[in-house]
Amino acid sequence: MTALSLSRSFPLWREPSPLPGFSLAMGFALAYMGLLIIIPLAALVLYSTGQTPREFLAAAFDPRSLASYRVSFTASLAAAIINGTFGTVVAWSLVRYRFFGRRVFDAMVDLPFALPTAVSGIALTTLFASTGLLGQWLEPMGIRVAFTWLGITAALTLISMPFVVRTLQPAIEDLDHALEEASASMGAGRWQTLTQVVFPVLLPALLTGFTLAFARALGEFGSVIFIAGNMPYQTEIAPLLIIIKLEQYDYLGATAIATTLLVASLILLVLINLLQAWHRRRTTQGR
Amino acid sequence: MAGFITTWQGGHGSAIADAPAVRDPRWTRWLLIGVSVAFLAVMLVAPLFTVFGYALYQGFGRYFEAIVEPATVSAIRLTLITAAICVPLNTVFGVAAAWAITKFEFAGKSFLISLIDLPFSVSPVIAGMVFVILFGAQGYFGPWLREHDIQIVFAVPAIILATLFVTFPFVARELIPLMQAQGTGNEEASLSLGAGGWSTFWRVTLPNIKWGLLYGVILCNARAFGEFGAVSVVSGHIRHQTNTMPLHVEILYNEYQFVAAFAVASLLAFLALLTLVAKSLVEWRLARLERRDDDEI
Numbered sequence: 000m001t002a003l004s005l006s007r008s009f010p011l012w013r014e015p016s017p018l019p020g021f022s023l024a025m026g027f028a029l030a031y032m033g034l035l036i037i038i039p040l041a042a043l044v045l046y047s048t049g050q051t052p053r054e055f056l057a058a059a060f061d062p063r064s065l066a067s068y069r070v071s072f073t074a075s076l077a078a079a080i081i082n083g084t085f086g087t088v089v090a091w092s093l094v095r096y097r098f099f100g101r102r103v104f105d106a107m108v109d110l111p112f113a114l115p116t117a118v119s120g121i122a123l124t125t126l127f128a129s130t131g132l133l134g135q136w137l138e139p140m141g142i143r144v145a146f147t148w149l150g151i152t153a154a155l156t157l158i159s160m161p162f163v164v165r166t167l168q169p170a171i172e173d174l175d176h177a178l179e180e181a182s183a184s185m186g187a188g189r190w191q192t193l194t195q196v197v198f199p200v201l202l203p204a205l206l207t208g209f210t211l212a213f214a215r216a217l218g219e220f221g222s223v224i225f226i227a228g229n230m231p232y233q234t235e236i237a238p239l240l241i242i243i244k245l246e247q248y249d250y251l252g253a254t255a256i257a258t259t260l261l262v263a264s265l266i267l268l269v270l271i272n273l274l275q276a277w278h279r280r281r282t283t284q285g286r
Numbered sequence: 000m001a002g003f004i005t006t007w008q009g010g011h012g013s014a015i016a017d018a019p020a021v022r023d024p025r026w027t028r029w030l031l032i033g034v035s036v037a038f039l040a041v042m043l044v045a046p047l048f049t050v051f052g053y054a055l056y057q058g059f060g061r062y063f064e065a066i067v068e069p070a071t072v073s074a075i076r077l078t079l080i081t082a083a084i085c086v087p088l089n090t091v092f093g094v095a096a097a098w099a100i101t102k103f104e105f106a107g108k109s110f111l112i113s114l115i116d117l118p119f120s121v122s123p124v125i126a127g128m129v130f131v132i133l134f135g136a137q138g139y140f141g142p143w144l145r146e147h148d149i150q151i152v153f154a155v156p157a158i159i160l161a162t163l164f165v166t167f168p169f170v171a172r173e174l175i176p177l178m179q180a181q182g183t184g185n186e187e188a189s190l191s192l193g194a195g196g197w198s199t200f201w202r203v204t205l206p207n208i209k210w211g212l213l214y215g216v217i218l219c220n221a222r223a224f225g226e227f228g229a230v231s232v233v234s235g236h237i238r239h240q241t242n243t244m245p246l247h248v249e250i251l252y253n254e255y256q257f258v259a260a261f262a263v264a265s266l267l268a269f270l271a272l273l274t275l276v277a278k279s280l281v282e283w284r285l286a287r288l289e290r291r292d293d294d295e296i
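Chains P and H, in that order, give the protein sequences.
So the first sequence is numbered by numbering that gives the first Met the number 0: it starts at 0 and just counts up by one.
So the second sequence is numbered by numbering that gives the first Met the number 0: it starts at 0 and just counts up by one.
Take the hints with a grain of salt, since some may be wrong.
[Said to hold, decoys possible] Partner residues are not named here, just some residues of chain H that face chain P (Cβ under 10 Å, in silico):
1. 62
2. 64
3. 89
4. 119
5. 130
6. 163
7. 225
The hints are simulated quantities; they were obtained by calculation from the structure and are not laboratory data.
We treat Cβ as the ideally placed atom computed from N, Cα and C, and that holds for glycine.
For reference, chain H alone in the conformation it holds in the complex (with noise of 0.2 Å):
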């Protein structure tokens, strides 16, 4: 047997064995990993092209001009500000529900997991829907909100609620399964030999779970600055005030002012192309502190 295994190393570590029993006919492998390339070019390379070539067709001169127009920067400076704001408080959030579920033993743990996971089943539309009927002028706190002259509905308050909401899992659920798996023995054993809770929680837990924690934190504010659904329904479309960079993108390709909207656009692919190579980092980062446990083991 052993002659037949080779030396591939698969993706995720495992070493694919090569007997014949297990293998395809050539065949069937070139006509699978042909199907397989032509799919992802169609659906994802092609797109992505299309992105950077019309952002780049009539040269970098116009291209730098559509992103350094004012109503870009401020699109630009709304969705930071909104990302600055959501990312390190769902990330707070992120670990807490993760300490208290995954370190104690309680009833309806799995229940309050799937409650966590809840905004990726609801709708962006509903997402954003919500809070007009919350905070909107028809909606529940409207009249109030109207008397004291404070306005969340189109305005800053209502994008970054919304943000929140879609962005709401992704700290948590990056956590929640790193953290079961790494049970509660790191930190009995910090307390008992004296150090306070606090102190577990920063010199323990939170360097063991550092690589899982990023790749949460990556994921959520990928979607911070391309969340679309939810920030169009609360945000008014109001140019230099209440418009994020994908409501921009949309305001532009609308007007048919293509390459300043493919400009945009480039810019959050390009951050979406860089949370990939993050995302891969991080994961070939987790891959190989796995490997050494198991050779400590």
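Okay, chain P solo, but in the shape it has when bound (with noise of 0.2 Å):
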């Protein structure tokens, strides 16, 4: 609908405008675009419509593949939740606090985008093996992290934590402290300042964050085969799956999960993208 809407409007409405380059840029950018991300997208789901909706559906709700997706969703659920809860904390003493080290740790949350995704995978694995710096520790308590379900979600938390803290931080440094006074000076306690003012005025942004992390980690494919172990059933992602009939030449069978998986996706980009004007509305209310 949008679309339609968008090629029926889109040429015959434009501002003019003195700056010269508008057919140039956008034509270069909406041709590359269209090469290397839409046409392929598109061809993708075409494929996929190859087989009969009954075969479409066999092969993307088999058992195997809603165990994946089980595995996928709960571990990216749990991951989002882990970082909803401490990344609100890391940022909070991040923005009001003054520590030894703060900003290298500062520097430091952007680590899990710049440091590539198998990196990660063979550092946690290591770290968390049975002889590993942590796991030596853990494994005697009886908590095994690595080839378990705990291990993907511990990777998952890694590659998606800096959604949450970096979507945080500018909503708490923006926020009014004349909130904070006025809710102190009619007698709130600062726990009640804290879970009745300012909680409800970073929601939105707590909200945007954890739904990016969610939507990261459940694409997440790199850091989670090291750790993961990989049983069917039980510690497979969708995204190996996806692999994994690919490797067997059953492009359609592969095509029906990826187009689940990219249905999720879409999904959870249209929600980011409410919850990203609700944000916005939020914060430019005040003003």
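Two chains, two separate frames, one set of hints: put the complex together.
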């Protein structure tokens, strides 16, 4: 619907501007994006329609695929919840408190974006293996991380960590101190102020970060496969199942799972845009 | 009030009021700082230590041996070639897209911005897979390509295409908010003084956006070096031919050559740390420019 109304109005409506280069820049950008991103993605979806709806559903929702969605979904959700909790604490500490090494930690938050996922993967696996730095303490306590569901969650937590912190930080910086002062002057305790005044203001940013982290974790591959153990039905994530099907030349089965994942990502993308719009309304209302 | 305001300078230039009303009790502060540091230490510092620790576990001699090994050198070469092709292409796209989006008003702009972000929400595995569907043996162009003896999948071209796909949004994403904030005033002034379009771009726009552009290029480059999932699908993992650095790390690790795997991984980790330093420098530079602009006003 949007695409249709866009294509109709797009060439027709543009505000006049004294600046040159619109056609050249826009033409190049659209052609490049179309060839590299849109056409290949459309080809993928089109390919998956080369089977009957029944075959598609059978491939997309057979027991092994369903198990892989469950693993991906629950581990991503757990990672997003861990990041939502600890990320809020980290963002609050980095903005509001001054402590030794704060700037270094602040810069380090972006490490998961810069560090290749394969490197994160082998480092975490080594760290949590039974002989590893952390694994040797956890394993006697009966907590096995490497090659279990917990390991997948640890890897997804690492790679999606920056999202919550980086969306909350500016929101905390922009907090109007008068709000907290008013709340305190009306007799609220600090805890009451934080939970009933500060938290609701930060909620849209927190949810945006949470959803971004979840969406990123859902498609993650590189960091997970080293630590997951990759047992079908137990620790096999959906992106890995796609690769397994491709390696068996079962392109149709692979596209069925990929299309399902793609639809999930698009729904999350829409959700993120709605949350961001809500967040913008929240932050511009008071001014 | 003024007496309560300390001279603390916030990380992003905001002075924080130290008034009792916005100040958390001491025990809360220590608890939250402790939790933050512990979380970041376990999730970020410990993995980083593991990489460098294992890489140097058997001394510098073994470390360098692992790096100058021919298969490793060819993986490094392929990664450098891939980045050298992908980063400039996506930079040109980023500048063109940001120019069209921020300097003009047209219908469907926010939809277009969302589309540019699309590769970020697509699984890297899918990003690689689309090129298998197009150019693979059973893909749309597979038969035609085989007739003409052109190899794309399981060869260098697909590695480059997959990397282009996943690094596509970085430059555009950094430039769009920056150029939106700068508006069109400078360019309009330049044009009205008789400068041409290109010379306005090179002499007015580019100097204004150079730090943001650099930042986007740095992030794009980091991802081009490190992409694993998308490249893994299309590479075929042929040693000396289609093995990039992250794929080589995987192969070495699965062969239990841990020192060698972590040695190659340490090169990538070192690049990641350089990326963070460069990013911090650029951010610091941008903040200083902003403050100078504020002073001038």
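Consistency of the hints with the structure:
| no. | hint | in the structure |
| --- | --- | --- |
| 1 | 62 | 16 Å, violated |
| 2 | 64 | 19 Å, violated |
| 3 | 89 | 9 Å, holds |
| 4 | 119 | 8 Å, holds |
| 5 | 130 | 6 Å, holds |
| 6 | 163 | 6 Å, holds |
| 7 | 225 | 3 Å, holds |
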